[in-house]
Structure formats: structure tokens, C-alpha cells
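Peer 1: Sequence:
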Amino acid sequence: MNTSVLQFLSQLTEKEGIWYSTSTGAISYPEEGNAICFQLEEHSYWFTHRNDCFAYLINKYGNKGLFADIGGGNGFVSARLQEEGHQVVLIEPGQIGCRNAKKRGIENVVCARLEDIEWAKGELQNVGVFDVVEHIEDHDGFLKTIHSALAENGKLFISVPSFQHLWSEDDKDGGHYRRYTHKSMAQLLKTTGFEVLYSNYCFAALHLPIYLFRTLPSKLGLRKNPVKNVAKEHGTEKGFLVQWIMKLLKVELSKIQRGKQIPFGSSLVIVAIKRTL
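Per the working numbering, residue 1 is the first one in the sequence shown, and the count goes up by one each step.
In short, the hints are calculated from the structure, not lab data.
Quick caveat, the model's predicted, so the values are computed rather than measured.
Ideal Cβ positions, reconstructed from N, Cα and C, are used throughout, including at glycine.
You may find that some hints are simply not true.
[To be verified] Beta-carbon label-pair distances, calculated as ranges:
id, residue 1, residue 2, range
1, V196, K219, 28 to 34 Å
2, Y177, T22, 24 to 30 Å
3, N63, F213, 35 to 41 Å
4, Y198, R178, 20 to 26 Å
[As the list claims (entries may be wrong)] Here are the computed lysine-lysine pairs in the DSSO-like style, where the Cα-Cα straight-line distance is at most 27 Å:
id, residue 1, residue 2
5, K190, K103
6, K60, K190
7, K121, K60
8, K121, K172
9, K172, K60
10, K183, K102
11, K219, K60
12, K144, K190
13, K15, K103
14, K15, K102
15, K183, K172
16, K183, K255
17, K144, K103
Make a model of the complete structure from these sequences and hints.
Peer 2: Structure representation (C-alpha cells):
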């Protein structure tokens, strides 16, 4: 364990390579979520594309120093960052996710919510919350806690589901409170002490399919047991349609790398910098 991580670990208890907080509260995420994702992540075009996008953005905008992957699940993002030389600590409240992260070789794993840790001001240089903020009812308070823990000019990397008109039973079952747009996320970040450096949509190829095959069936009461559809929708079988989507996502990644704006998509990605509240 690197000594620069030890400041907040001193309040935790270590067991079998995982650090635990003394107490933790409820989270808005299904218990089986990490177990299901762990079976999909290595073969999912969705998880792969999200990783590719953030690996590029973190390498471009990230600060030197510790990267805290908050709500990092099974460590799929953390593993990519660790492979690329970043010093990472994964903070995940679910024990299944933490154990899976250790299996992936994540060095620093903490089983806790962000709120369970007493952060020293300016303790972190970078924070990632990848598809986490939508699970937090008090997203203002959550981001203010991150703001306090970040160093001056610390960087915040966010991904969230976008556009409320794409809301479906999948959002409800996944423990989401809302979806976001450029405007709503920019306003939230401004009021919690951040300045947006980069904002873009991604997964444009999935925008219409999600509306047609998730949102509309949900509105009509026809979308049942979304969990059963997860493997198929993540393209683990690599059929023709999935191959086509993967090609479109490669084009999208190239656009992101060239600084192009994507006008719509099923996710929103943000890079923000800490400013004085």
C-alpha cells in the first residue's frame, strides 16, 4: 500500500486485502448488480467503450497523483487505469464488487460509501464517479463531499445516463433517481463548486434503440424483468447488430479524441475542475 493513500485508511479496518469502514448506510443499487456486471464487463461493448472514452479523457485532463474510483463496482475502470500507470484506490460499498475488484488485481480496495470516510481537505487529486451520481438522491451533498476531499484544482470525471425522455423500467430497477443533460449537470456542478472543462454525449448509436426497446415498452407496461435482457443487450454474443454498433462506437471514440461534439447519446461524460465555493 502506497503511503500517500494511508491518510484516510487509518480510520478503516483491513481484512483479506480489503479495507472496511466501521459502518455503512443503504445504497440505491440492486444487490445482484455487481455480480451480473462481473459476468458481462470483459465481453460488453458498452463497458469497453466507456473505458476507452475515460482512459483518453483521464490521460488528457487528469492530474498527477491518486485517482479515487468512487462507486467503482468490480474494478473494471480501475483495472484499466492501473494498467496505464495510474495510482488508483477503488471505493465501493458492495462487498461483492470489492471481492471481484481484488480478483481483478486492484491493489487498493475500500469497502465503504464516500460518506462513510472522514476525508481530509484536499486529500485527493482526481475522482471518478462512473454511472454513480444518478444513484444518489442528494447529489448536491454527494458532490460537495467530493469537492471538500479534492485538492485545489482537483479533477472530477463523471458519466451519467442522459435525457429524461429515455427513462424506463431499467432506470427504476437499477436504482436511478434521474437522468441528466449538459445543462442540468453544468448547473449542478456550478452550485457544488466545480467548473466544467469538458462535456459530451456518448453512445449515440444506442439513443434510438433505447427509446424504442426500453422506454416505449416501459410506458406501455410491456418492459418486464429487464435483468433477463442484460446479457443480450450488452452484446456478449457478438451478433451482426452488435458488430455494427461496435463499428459506430469506434467512430464515436475517434470523434471524442479529435475534440468533436456529439449532439445526443444515451450517456453524458463530464470533466470538471474544483473551484472555490
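Peer 1: Now look at each hint and say whether the structure bears it out.
Peer 2: Hints and how they fare:
1. At about 32 Å, the CB distance of V196 to K219 agrees with the hint of 28 to 34 Å.
2. A C-beta distance of roughly 27 Å is found between Y177 and T22, which places it inside the suggested range of 24 to 30 Å.
3. Take N63 and F213: their Cβ atoms lie about 40 Å apart, and the range 35 to 41 Å holds.
4. A C-beta distance of roughly 21 Å is found between Y198 and R178, which places it inside the suggested range of 20 to 26 Å.
5. A hinted pair counts as satisfied when its Cα atoms are at most 27 Å apart, and K190 with K103 does not qualify at roughly 38 Å.
6. Of the pairs offered as hints, the one joining K60 and K190 holds, with about 22 Å between alpha carbons and a cut-off of 27 Å not exceeded.
7. About 25 Å separates the Cα atoms of K121 and K60, which keeps this hinted pair within 27 Å; it holds.
8. For the hint pairing K121 with K172, the CA-to-CA distance comes to about 35 Å; that exceeds 27 Å, so the pair is violated.
9. Restraint check for K172 and K60: the C-alpha separation of about 34 Å exceeds 27 Å, so the hint is violated.
10. At most 27 Å may separate the alpha-carbon atoms for a hinted pair to count; K183 and K102 exceed this at roughly 37 Å.
11. Between the alpha carbons of K219 and K60 the distance comes to roughly 40 Å, so the proposed pair goes past 27 Å and is violated.
12. Under the criterion of a C-alpha separation no larger than 27 Å, the hint pairing K144 with K190 is consistent with the structure, at around 11 Å.
13. The hinted pair formed by K15 and K103 meets the criterion: a straight-line CA distance of about 15 Å does not exceed 27 Å.
14. Among the hinted pairs, K15 with K102 is consistent with the structure: their alpha-carbon atoms are about 12 Å apart, no more than 27 Å.
15. Proximity of K183 to K172 is assessed by CA-CA distance (about 23 Å); at most 27 Å being required, the pair is judged to hold.
16. Restraint check for K183 and K255: the C-alpha separation of about 21 Å stays at or below 27 Å, so the hint holds.
17. The straight-line distance between the Cα atoms of K144 and K103 is roughly 32 Å, outside the 27 Å bound, and the hint therefore fails.
Of the numbered hints stated above, those contradicted by the structure are hints 5, 8, 9, 10, 11, 17, listed in ascending order.
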